[in-house]
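There are 2 protein chains.
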Amino acid sequence: MFEAAELGHRISKSEFDKEEPELHTKLLKVQRDLRETSIPVIVIVSGVEGAGKGEVVNRLNEWLDTRGIETSAFWDESDEERERPAHWRFWRRLPSRGTIGIMFGSWYTAPIINFVYGDIDFPEYERQLQRITRFEHMLSEDNTLIVKFWFHMSAKDQRKKLEKENKNKKYSPLLKKFSKRYKEFFQASEHAIRMTDLGVSPWHVVEATDRRYRDITVGRILLDALEKKLKQHEKSGTRSSAKKTSPKKLNPDEISILDHVDINKTISKKDYNKQLKKYQRELHKLTWAARQNKRSSISVFEGWDAAGKGGAIRRMTAGMDARLYKAISVAAPTDEERAHHYLWRFWRHLPRAGYVTIYDRSWYGRVLVERVENFAREVEWERAYHEINEFEEQLHEHGIIICKYWVHISPEEQLRRFQEREKTPWKLHKITEEDWRNRDKWEAYELAINDMVTHTSTEYAPWTLVPGNDKRLARVEILKTACQRLEEALS
Amino acid sequence: MFEAAELGHRISKSEFDKEEPELHTKLLKVQRDLRETSIPVIVIVSGVEGAGKGEVVNRLNEWLDTRGIETSAFWDESDEERERPAHWRFWRRLPSRGTIGIMFGSWYTAPIINFVYGDIDFPEYERQLQRITRFEHMLSEDNTLIVKFWFHMSAKDQRKKLEKENKNKKYSPLLKKFSKRYKEFFQASEHAIRMTDLGVSPWHVVEATDRRYRDITVGRILLDALEKKLKQHEKSGTRSSAKKTSPKKLNPDEISILDHVDINKTISKKDYNKQLKKYQRELHKLTWAARQNKRSSISVFEGWDAAGKGGAIRRMTAGMDARLYKAISVAAPTDEERAHHYLWRFWRHLPRAGYVTIYDRSWYGRVLVERVENFAREVEWERAYHEINEFEEQLHEHGIIICKYWVHISPEEQLRRFQEREKTPWKLHKITEEDWRNRDKWEAYELAINDMVTHTSTEYAPWTLVPGNDKRLARVEILKTACQRLEEALS
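Protein sequences, first through last, are from chains A and B.
The opening residue of the first sequence carries number 26 in our numbering; numbering runs sequentially from there.
The opening residue of the second sequence carries number 26 in our numbering; numbering runs sequentially from there.
Because the hints were derived from the structure by calculation, they are not lab data.
Beta carbons are placed, not taken as given, at the ideal position from N, Cα and C, and that holds for glycine.
Among the hints, erroneous ones may be present.
[Stated by the list, open to error] Covered by chain B, according to a simulated footprint, are these stretches of chain A (three or more residues, beta-carbon under 8 angstroms):
{"#": "1", "segment": "78-88"}
{"#": "2", "segment": "98-107"}
{"#": "3", "segment": "352-363"}
Turn these sequences into a full structure, and let the hints steer you where they fit.
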């Protein structure tokens with residue numbers, strides 16, 4: 026795989042001086058065009074230690090307008106990063122649409138190093154590489170251009186470089202450390218490159234011994250990739266918004282998962298007060314225990330309008346020390362959020378070790394409102410099931426406890442509550458025209474909910490369907506479930 | 026100071042039930058009005074351990090629309106926070122305009138605890154409180170409403186509460202710990218409250234023994250403060266934008282600081298190449314040493330259009346390991362940035378321990394372009410000197426090394442470069458109509474620069490005025506200065 030990168034490619038100074046200005050100019054031009062698009066660009070700069078990755082980064086910063094680039098180096102993790110799933114640190118550095126993110130080191134670095142040093146075994150190594158392929162696939166489906174460079178140098182050239190740097194008294198701690206394991210790195214990298222050389226994000230192995238050749242090659246490849254992507258983008262027009270099809274409804278004969286919810290279960294006021302207190306006290310204890318065990322948890326609340334999510338959340342937070350949780354109310358995204366993959370804004374709020382995040386509405390909007398209202402195209406919400414499962418799997422593997430509640434009410438009960446809201450001064454703000462409009466799409470939502478639960482209820486992140494016609498009962502059920510799941514996870 | 030909060034204030038259930046719905050409704054209304062304004066609201070919830078601060082937070086979350094609130098609890102610092110000036114963690118949680126940030130714990134917590142436990146002495150305690158007053162002043166001048174609650178409880182009531190929680194087996198580690206030092210906390214808090222009871226952000230000491238009294242009082246005070254602020258805001262009209270006055274110019278007779286820059290100094294190409302290499306090598310070593318010593322640094326680049334900032338930055342970054350620095354190119358703010366104090370976007374990018382951030386343009390825009398172009402009102406840019414010095418002082422105290430460069434060229438040289446840019450394909454993107462317009466304001470900028478240097482060149486953060494007519498010389502001078510300052514700081 027690296028043979029073609031040991032052939033001694035060179036570019037003379039005069040050739041370089043001839044080509045460089047043109048390349049420079051063209052890169053600036055495509056970068057300007059890029060700015061007007063919804064395309065985020067990721068440039069991965071990786072490869073053998075000593076191949077001059079830093080120099081390439083500098084060169085790119087020279088060629089491109091720095092106002093549209095952000096370079097991120099990934100090496101020493103902070104505790105904020107360590108306390109979250111491994112990919113969190115990459116999510117927080119993803120470039121926004123129209124800009125270029127240069128990743129110095131990247132999601133490839135840790136798996137390769139950990140494998141070479143024996144911290145993970147081969148199956149785990151492969152698993153991590155698989156996860157990367159899915160990650161890149163997902164980004165690319167979201168219109169991201171991913172250009173991956175691997176800079177190669179023979180063992181002999183690397184040794185020469187090391188000697189030279191030693192002579193210059195240049196401090197290169199990693200070069201010294203890694204050059205001792207050249208062969209192991211060679212093998213591990215080859216495997217990584219082979220496994221992740223995807224059509225949507227191919228690897229470019231570049232011979233790095235001659236700087237001029239290396240840099241010009243990078244420039245050419247990047248320019249070519251950008252031009253192609255822009256052409257494609259132009260052809261597809263401004264990112265075609267979803268066709269306004271009237272949403273599918275659940276077939277009336279079909280039994281929906283929701284039909285199994287015993288919606289009319291009730292609880293007496295006396296029992297409610299007793300049980301509420303009981304579970305709140307238990308939750309208080311359990312969340313403190315989770316904190317001490319550094320186990321995080323997230324609770325996702327979805328449900329019909331006026332199903333009582335807010336009230337249930339308040340009963341839950343009343344049972345926790347306010348230092349331990351954060352409640353995120355999902356409303357319209359900010360422009361920074363809109364400029365990223367739809368999951369970005371949810372990754373953003375993942376709790377640190379031992380803490381709780383409560384999402385009042387969540388990433389499931391993608392397969393609910395965005396589906397029903399045609400905000401997302403069919404392919405987009407269809408692939409979202411997989412993306413969401415992948416996301417939650419990463420949370421689970423990191424030890425995050427996941428609770429998901431669908432609070433279910435009947436259309437009649439909803440109507441009653443809407444009318445009540447319109448009569449109650451401090452509830453009036455909760456009812457809008459949109460809520461009334463949504464009622465007309467009840468069956469379409471039923472189908473979407475049914476599909477959602479079918480596709481995304483997993484062993485590690487199951488949906489809890491909560492009977493909600495009796496608000497009090499719903500609150501107790503939710504608290505009880507939360508306690509059970511925490512208890513299971515902690516024992 | 027706490028006497029009035031030990032009088033046994035109570036509210037009966039029937040009174041509470043009568044007042045609560047109205048309060049609730051009114052709070053929702055003002056919150057809705059708030060959303061349309063440029064006012065950020067900070068609610069500080071602090072006080073005696075056991076006074077039910079968490080319950081108050083829950084109550085506020087019940088009364089207000091959660092879509093416009095964010096609650097932040099400050100207790101265990103992450104290393105990302107520890108590695109930056111103490112106020113960084115608060116800056117990152119400041120509410121955006123039109124929203125409410127509930128601060129559970131706040132900038133008051135650490136000084137009080139550290140003083141009580143003897144980690145800081147009295148003068149340092151006072152210094153930290155002074156810093157807080159300036160911080161709150163600054164926020165309030167930026168239109169922030171700050172409402173500070175201190176919940177009080179007598180030693181006896183606190184003991185009772187502790188006993189009750191013990192009986193309920195409620196886990197309250199802090200209550201146990203802090204109740205042993207009731208008296209010390211009492212004294213330290215009283216001092217803090219007295220020192221920071223500002224007109225713009227007064228303290229409200231609330232008796233916390235009776236929950237109903239406590240919560241209703243909080244509701245009333247908050248409502249009152251919001252209503253007053255909104256009324257004020259209405260009166261002042263939509264935040265009056267700056268009057269379009271033609272900017273003042275430097276008096277032609279006056280000698281400007283810039284006149285002392287020997288703008289025509291040059292360097293031979295041979296010397297340049299030699300020195301560039303030399304200082305780049307040195308910088309490489311020094312930045313690695315800084316990394317090992319966990320000393321961060323920032324470099325601020327300001328200068329005339331076409332002064333050669335970009336080229337100088339690239340020569341600087343070429344001398345550093347790309348893992349160690351981040352270059353921030355300051356362009357138009359995002360909407361999240363616009364929704365905060367103007368310094369927020371710069372705080373955001375402060376380096377972690379041992380790293381370097383390079384700002385290509387910076388917070389000095391406030392006293393340069395924003396002043397000259399009337400984007401900021403006179404009072405705004407005038408107070409900015411003080412705000413900036415305060416900001417840089419905090420960086421300095423945290424051990425961050427600060428370098429600030431003004432790259433100076435003559436108007437004739439600028440003209441030459443503009444014309445060159447228009448002729449060079451890969452420089453064309455750097456020249457816009459605006460650059461030409463800015464030239465007409467040369468004298469106004471001269472005055473602004475002169476004032477800026479006068480006001481903000483401090484011992485710990487001096488300006489370096491760089492003669493820039495010879496680009497090469499400028500680069501060498503900058504690199505040399507950077508090396509010197511790092512060397513001094515590290516030795």
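Quick one: see if chain B covers the segment 78-88 of chain A, three-plus residues with Cβ-Cβ under 8 angstroms. holds (count 7)
Do at least three Cβ atoms from the segment 98-107 of chain A come closer than 8 angstroms to Cβ atoms of chain B? Coverage by chain B holds here, the residue count being 5 at a Cβ distance below 8 angstroms.
Three-residue Cβ test at 8 angstroms for the coverage of the segment 352-363 of chain A by chain B: Satisfied; 6 residues make the cut.
Checked against the numbered hints given earlier, the structure satisfies every one of them.
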